[in-house]
Amino acid sequence: RRRIGPRRMRAHPERASRLQHDNHLHWSNLAAAQLKCGRLRPALDSARECVRLEPRFAKGHLRVGQALRALGDRGAATAAFEDGLRRAEGSVRRALSQALAECHNDGKPAAEPAAATAPRLQPEPTLGNSHLFDLV
Numbered sequence: 004r005r006r007i008g009p010r011r012m013r014a015h016p017e018r019a020s021r022l023q024h025d026n027h028l029h030w031s032n033l034a035a036a037q038l039k040c041g042r043l044r045p046a047l048d049s050a051r052e053c054v055r056l057e058p059r060f061a062k063g064h065l066r067v068g069q070a071l072r073a074l075g076d077r078g079a080a081t082a083a084f085e086d087g088l089r090r091a092e093g094s095v096r097r098a099l100s101q102a103l104a105e106c107h108n109d110g111k112p113a114a115e116p117a118a119a120t121a122p123r124l125q126p127e128p129t130l131g132n133s134h135l136f137d138l139v
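Add 3 to the 1-based position in the sequence shown for the working numbering, that's all there is to it.
It is possible that part of the hints are untrue.
Restraint ranges, calculated between C-beta atoms of paired labels, are given here [as the list claims (entries may be wrong)]:
id	residue 1	residue 2	range
1	58	93	17 to 27 Å
2	25	109	16 to 26 Å
3	107	24	15 to 25 Å
4	42	105	28 to 38 Å
5	24	109	27 to 37 Å
6	26	108	32 to 42 Å
7	78	45	13 to 23 Å
8	39	85	34 to 44 Å
9	40	76	17 to 27 Å
The hints are simulated quantities; they were obtained by calculation from the structure and are not laboratory data.
The beta carbon of each residue, even a glycine, is placed where N, CA and C say it ideally should be.
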């Protein structure tokens, strides 16, 4: 049996999760790869396996929330992001906060740009070129 190093594990998350099925990091990486490929249900399954193996791993909750949000389940996604925020620190906390804010904003109409809501000023009437001759 050939040993696979860390670099190859990251390059092949599906194979890594099969070889080391009890490693939560492999399941998190697999979920991220599946999300990028649009394989939403398998991504959710992988993310849930990550959380099952290591419930304190905040990024696992982020992956579950991302998959649920992509599947259109905003309520469950919000709950997953909030679960992750209770455990998160640093950059993962920022990612969870941003994902939660975006999830809350889903379905709301986009705000109009400030230029569209500002009162429109009427242009002042101009005299054209005829005013040049009035000065002479």
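These are the hints, each one checked on the structure:
1. Taking the beta carbon of each, residue 58 and residue 93 are about 19 Å apart, inside 17 to 27 Å as hinted.
2. At roughly 34 Å, the beta carbons of residue 25 and residue 109 sit outside the given window of 16 to 26 Å.
3. Distance hint for residue 107 and residue 24: a CB-CB separation of about 35 Å, inconsistent with the stated range 15 to 25 Å.
4. In this structure the supplied range 28 to 38 Å is violated for residue 42 paired with residue 105, their Cβ-Cβ distance being about 21 Å.
5. A hinted range of 27 to 37 Å holds for the C-beta pair residue 24 and residue 109, which are about 33 Å apart.
6. At roughly 34 Å, the beta-carbon separation of residue 26 and residue 108 lies within the given 32 to 42 Å, and the hint holds.
7. Look at residue 78 against residue 45: about 22 Å separates their beta carbons, and that is inside 13 to 23 Å.
8. A hinted range of 34 to 44 Å for the beta carbons of residue 39 and residue 85 is inconsistent with their spacing of about 24 Å.
9. One distance hint, 17 to 27 Å for the beta-carbon pair residue 40 and residue 76, holds here, with the actual separation near 19 Å.
Comparing the model with each numbered hint stated earlier shows that hints 2, 3, 4 and 8 do not hold.
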